[in-house]
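*Asks:* Please work from the sequences and hints to get the whole structure.
There are 4 protein chains.
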Amino acid sequence: MAPSASDEPAPMHLPVISKASTISASVLHGPRDLRLERRSIEDPDVGELQIAVKTTGICGSDVSYYKKFANGDLCACMPLSLGHESSGTVVAIGPHVSGFSVGDRVALEVGIPCGQCGICRQGRYNLCKKMRFRSSAKSVPHFQGCLQERINHPANWCHKLPDNISFDAAALLEPLSVAIHAVNRASPTPGSTALVLGAGTVGLLTAAMARQAGCAAVTITDVDQGRVDYAVAKGFATHGYVVPRPLHTSSSSSSISSGSMSGTSTPLDGVMTPASTLSFRSQLDSARMLATEMLSLTNSSTPLLVEDEDDGVDITFECTGKEICMHTALYATRPGGKVIMVGMGTPIQTLPMSVAHLREIDILGIFRYANTYPTGIRLLRAQALGSPSGFTLPSLDDMVTHRFKGLENARGAFELASRTVDDDGNLVLKVVIEA
Amino acid sequence: MAPSASDEPAPMHLPVISKASTISASVLHGPRDLRLERRSIEDPDVGELQIAVKTTGICGSDVSYYKKFANGDLCACMPLSLGHESSGTVVAIGPHVSGFSVGDRVALEVGIPCGQCGICRQGRYNLCKKMRFRSSAKSVPHFQGCLQERINHPANWCHKLPDNISFDAAALLEPLSVAIHAVNRASPTPGSTALVLGAGTVGLLTAAMARQAGCAAVTITDVDQGRVDYAVAKGFATHGYVVPRPLHTSSSSSSISSGSMSGTSTPLDGVMTPASTLSFRSQLDSARMLATEMLSLTNSSTPLLVEDEDDGVDITFECTGKEICMHTALYATRPGGKVIMVGMGTPIQTLPMSVAHLREIDILGIFRYANTYPTGIRLLRAQALGSPSGFTLPSLDDMVTHRFKGLENARGAFELASRTVDDDGNLVLKVVIEA
Amino acid sequence: MAPSASDEPAPMHLPVISKASTISASVLHGPRDLRLERRSIEDPDVGELQIAVKTTGICGSDVSYYKKFANGDLCACMPLSLGHESSGTVVAIGPHVSGFSVGDRVALEVGIPCGQCGICRQGRYNLCKKMRFRSSAKSVPHFQGCLQERINHPANWCHKLPDNISFDAAALLEPLSVAIHAVNRASPTPGSTALVLGAGTVGLLTAAMARQAGCAAVTITDVDQGRVDYAVAKGFATHGYVVPRPLHTSSSSSSISSGSMSGTSTPLDGVMTPASTLSFRSQLDSARMLATEMLSLTNSSTPLLVEDEDDGVDITFECTGKEICMHTALYATRPGGKVIMVGMGTPIQTLPMSVAHLREIDILGIFRYANTYPTGIRLLRAQALGSPSGFTLPSLDDMVTHRFKGLENARGAFELASRTVDDDGNLVLKVVIEA
Amino acid sequence: MAPSASDEPAPMHLPVISKASTISASVLHGPRDLRLERRSIEDPDVGELQIAVKTTGICGSDVSYYKKFANGDLCACMPLSLGHESSGTVVAIGPHVSGFSVGDRVALEVGIPCGQCGICRQGRYNLCKKMRFRSSAKSVPHFQGCLQERINHPANWCHKLPDNISFDAAALLEPLSVAIHAVNRASPTPGSTALVLGAGTVGLLTAAMARQAGCAAVTITDVDQGRVDYAVAKGFATHGYVVPRPLHTSSSSSSISSGSMSGTSTPLDGVMTPASTLSFRSQLDSARMLATEMLSLTNSSTPLLVEDEDDGVDITFECTGKEICMHTALYATRPGGKVIMVGMGTPIQTLPMSVAHLREIDILGIFRYANTYPTGIRLLRAQALGSPSGFTLPSLDDMVTHRFKGLENARGAFELASRTVDDDGNLVLKVVIEA
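Chains A, B, C and D, in that order, give the protein sequences. For the first sequence, the positions run 3 to 437 when the numbering used here is used. For the second sequence, the positions run 3 to 437 when the numbering used here is used. For the third sequence, the positions run 3 to 437 when the numbering used here is used. For the fourth sequence, the positions run 3 to 437 when the numbering used here is used.
Certain hints may be false.
Said to hold, decoys possible - Computed list of chain D residues with no C-beta within reach of chain C, every gap over 12 Å:
1. F71
2. G117
3. P190
4. R283
5. L381
6. H404
7. L429
8. A437
Unchecked claim - For each label pair, taking beta carbons as the anchor points, the in silico distance ranges come out as:
9. A:V142 <-> C:K140: 35 to 45 Å
10. A:N428 <-> B:L429: 44 to 54 Å
11. A:V142 <-> B:D287: 55 to 65 Å
12. D:C116 <-> C:T403: 30 to 40 Å
13. C:T403 <-> D:D400: 55 to 65 Å
Hints were generated in silico from the structure; no laboratory data involved. All C-beta atoms, glycine included, are put in the ideal place defined by N, C-alpha and C.
*Replies:* Written out as structure tokens, the structure reads:
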């Protein structure tokens, strides 16, 4: 399968019966070297749709590529269009495609697995070794991202949208998919308790999905008061806990650039003085105390009735990728509970593994998502029904705090997406670029 | 362990240092032979609490005993106090009990398993062969029900209540437990679709729990328009479907007396002419058409986006115990889905088993509940927190449509509980007796 | 995707650069109207291999088509090659295929799902609505079976064989797949007890897989003494029980023709006098007694140590498709256990559903299989390692009791496959046709 | 419940109608301060049996207490009888016990949970906070171990033995329980592949249970050639890999004293030069290379057929408790697989968590066991049936390599149990003390 949009400059003299046309694309050539270019695009191939991209959300991994031309261990080795949280409209239909019409509104699932290996056939296609994922530097040549005017995409990985789901919300189906997958892996029983560490986009959506899955109490934590307040005010979580920043930390503004693949979170590490000046044991003690405080907060507002409740929450979703947060996660979870590693971050971590081992706390990582888009669409569609007694997700549209129009303004979007507040002091949650 | 309240008449002359006192009890001696009696009650034994019963809900099985002195195959063989949906206040504390104070408000879990057999140790204590369940004729001597002034009950099976849970709601924790157990067995993933057949107490609560567990669309059906309307208006379900009654059926008013153990449901069988005059094949065809109609109702209001959706719902909860409803359930469920048998009813059923077999629809029965009271309490406690964005159960207090004060008025409660509307035409959902 | 071998007669005048060649095929045109024909076969298309079929096992569904030109509700409407338990050798390789060489030995997985619908992506591709399955009349035009000299088959559904797996054993990977899927759905914990009803090919293999999965005691039952003896002697099961035939039954020889899709089993119905002369209640009583006898057999040889053991086995695999066997299955399974419906048979069954409901016995059907071939190959490969302490499946080669050479002798194979003993009184288990 | 045997010296003048008698006990008073003492024992209380202990196996945790009067973080604070792998004979029966006779042979499950807390009721009683476990210093006063002539033990936690299970094998039911629990948590599907790190008692039994559960290939590794050879020769594993020791390591003999609760394993750390002289990155590289070598060993003997197989095993059981082995475990496991932490060891570990996170490798710890004794007894009982085709565990009796008679010889047993070979160069696996 050829990349849907080539890197070659558009040919000068198009033949009369052209099969290609010209589009503009936002292309990253190196750290902060973002260029608006013209690319040629072929007609959609067998099984493909051509999509005019409408909205693309900026993710932490995009910001990382933008700043470093790399994301964690992955270094880009050729020009790369970013953006993988996208929705758009069908503008052309390739051969052998059925079920779509020009004008259909769709959300794009941008990771294309092989569909035939053992793990694909078993339904865990997110783990397919041959996965090609738009805007990631993993496969070479890179599978180009969605910050292009139009792209050709396999119809099988385009999800039709009902009228009540906006393009913004549809773009947010991507981070919502991470949250859905995280909660599916956790499989809480109704009435469970959950803790979410990190109140970035993915943390917020994970908290909301934990509530959707029936968790009776969902506590969200972050060092950023604004995000915690937002989470509770908008119903993403039932309780919020602001992790106190120490006086002399300067990590607050830069920390977010570490970004995870699946949404940025303000890390909690501000709470710690540098590891080198603090013994690891006292680090663990801090984490344990923090866990106790978080639990007592929840329990104080809801008097303790079941004796086991002070042992910890049923499930902790770690959405920051920070080692110190994994410590907190392990101490805050009850025996027999689960810690879900959502936020990608420190690849090598020093952890009190006996806490998990002796208490049989399962540690489950999640990598992207599988089979989540139909679920997400169903949940967003249900919002519109307006049932009298809740049970629907908070508004995703509301999470879009900043909007940039036109690919030519992508640079501003990336710069803003790396901050937690804008120049006016307003919360920055999700920045989107509209085509 | 001796029964908590004996059947013997109270002794005339109590000794000076008495360990027993006298209580009033509502005792059934035969079909509709309900008597208000005086019984003696011992002080609470080791590990027991003495509970002054405040509220007891009337269940379908209670109505069955009241009318027939039997419930399904179980025939009472001695006087039997009914009532197993109860809450009350601790009035005395036996030896070796800790964690309780006089005045504590509690919900009673009235089934006492042995705690030591293989299945108890594996956490499925509801299946314990030695289970003793109050108000049931299964164990002999019968384990007396809660329609008594006070009872002694193992402290381990009394669940403390937070202030925000009323005695009414606490009594309803029993049918809610059935619903919680049903949904735990179904373990829907968030965004699933569900169908609930029967809108009695258990059907309503099961629908609400399906929503709590994250189901995006929950359709409830019943022959009774009032119940269906109630379910949708109050947010128990997202969609309602009233099964049309044929012209010449007379089963409407009496049908409810068939009652299930765990809540009564208006059966759907009114829709069918007598089986003897109708070939079984056409019965099945009717069930299939009914299933299609129910599905299309849901799908019409929510345009079909995922191609598989017209194959059926993910999970069907059958809460009527009727064979015809099992047919509908099997036809209405998608390949790979689940049918949960909740409502007890026809012991021998003729079913299109190949529909389940060839489509791998799991058929899972539920018998009472295990480990559900802490969950139920946590969910009801969460209601009080008043989060802005829903995700809480509908009010259980609101389900108590009729209230009788004093055990001496139990007869009226049983008579009313066997009807679906009262003399004023108001919906009868849950009838409770207050001590 | 075009059928791999067309029904059209071979063209008379082949062009010079032919893309088609001529093969012989065994084709069924009506009940017992089996013809040896010449068909043309194209070169393998994109993604396809051309396989010279070596061994094909005859399944109960094949016998059903052979006798009735129909299998259950499915009626053939055009000429149909039978056979779906096949192995062969790669003789040509289509474009865009990698990982295969001419001469590779392969087992054929003959059901081709769409790979893109929701249920395929979730890993349950056996339930795909667009599934095309060779030798079945379900899809029209029928997807032709393997009793052809050569076929073109998607490389993705050809499984390479190590040297130690014979073509016979490889053909038996198909019924073994049914057994693997059945046991995967049952997911027994090591040390479980199992009962297998029916000792045909699928019953035997299911018993062996139950042992493979760690079941400590596996009892197999059949009306045929020879099969039961074989099962125990060869280690498929640990215990055998021969269901006594009543004196005046004549159903013994014909019963097998009812066949299931996935292997024939001698039904137990011989034990019953006609249902019409026997009340259903007494039928159930018979089933219950039979269940008790089967359990006591196992328990007598292994003195009862765990008190719950007399409550039934953990898992019952029903491999006959007979209603009376489902009765036995339900009564023979412990509370909290599982009944797996393996053998297809009576579409509409009258069952004591309360036995399952009140004891929470899960009823799980299986339809074919998914993700089983790699497992089966791994298990057969392990046989060859010859570890000192067992844990390997019984020999599958040994199950091939009769062998016919040449497609021209297919008729004899079908006739014999419908019997349980041959003319010499020898057991008939698996009949294969060698190309 | 009072401790079953008190620490007080026996009273001098017993009353005529004595309820106590005098026994000998092996009691540890400090590091290597093991004394043979006289203790008094009461008659068995309500619900208790008095057991004459016949065989007790020495576990790694026993050796740790013997040497350091502590086990990991747990320090003994009063005299402590060791031993928790025990079998014996019923010599007296307390009130309210049924189902046992004097002379019954039993295995002792020595951890007594509360039975009433949430986690007990959910079937995970091994995680009960109130658990009292014999020979452990965790509860105070310590719950005395089994190296006593007789002990009183709750009948509910005594498991009757069939004749074919020896006292030796019955003592080994305790480490077998750890293995059963580990495999239950892993829940391999039949045909899975497994890797077991560490070939001590628990490693060997875990490997055997992995085979019992249907794993087709089980590779065991250790630095000790003798143990690896034993494992393969006796059928505990299908493949063995001896981890090469570097030339200049001196950790071989002392390393075992670190012992885990549930069986000792020769750690693999000999392979590494001190961490301080080696960068952590190169440590990880070594672990990755080691993992690759282990996998290629298995795959070379069994030619690679399924393309995913070189991605790692389905399940790795880490039985050494060493950090370096956790590294190997993570690298050796396939995407979507599981690492089970069995061996307790280094409480704080530095791990390449992204390897687990990005590949969704679940990390599951196990702590002791729950609901395993009936399973173990069923599996050992099945050994005696002598089915022709394997599927039974290797002999547990054979694992008892050394035997000491009389509690007065306990010291010799502890000294030997801390070694991997005896003075004659014979393998030391399980050392038992016979009463």
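*Asks:* Are the hints correct? Go through all of them and say.
*Replies:* Hint-by-hint comparison with the structure:
no., hint, result
1, F71, "37 Å, holds"
2, G117, "17 Å, holds"
3, P190, "9 Å, violated"
4, R283, "34 Å, holds"
5, L381, "5 Å, violated"
6, H404, "23 Å, holds"
7, L429, "17 Å, holds"
8, A437, "23 Å, holds"
9, A:V142 <-> C:K140: 35 to 45 Å, "43 Å, holds"
10, A:N428 <-> B:L429: 44 to 54 Å, "49 Å, holds"
11, A:V142 <-> B:D287: 55 to 65 Å, "58 Å, holds"
12, D:C116 <-> C:T403: 30 to 40 Å, "58 Å, violated"
13, C:T403 <-> D:D400: 55 to 65 Å, "38 Å, violated"
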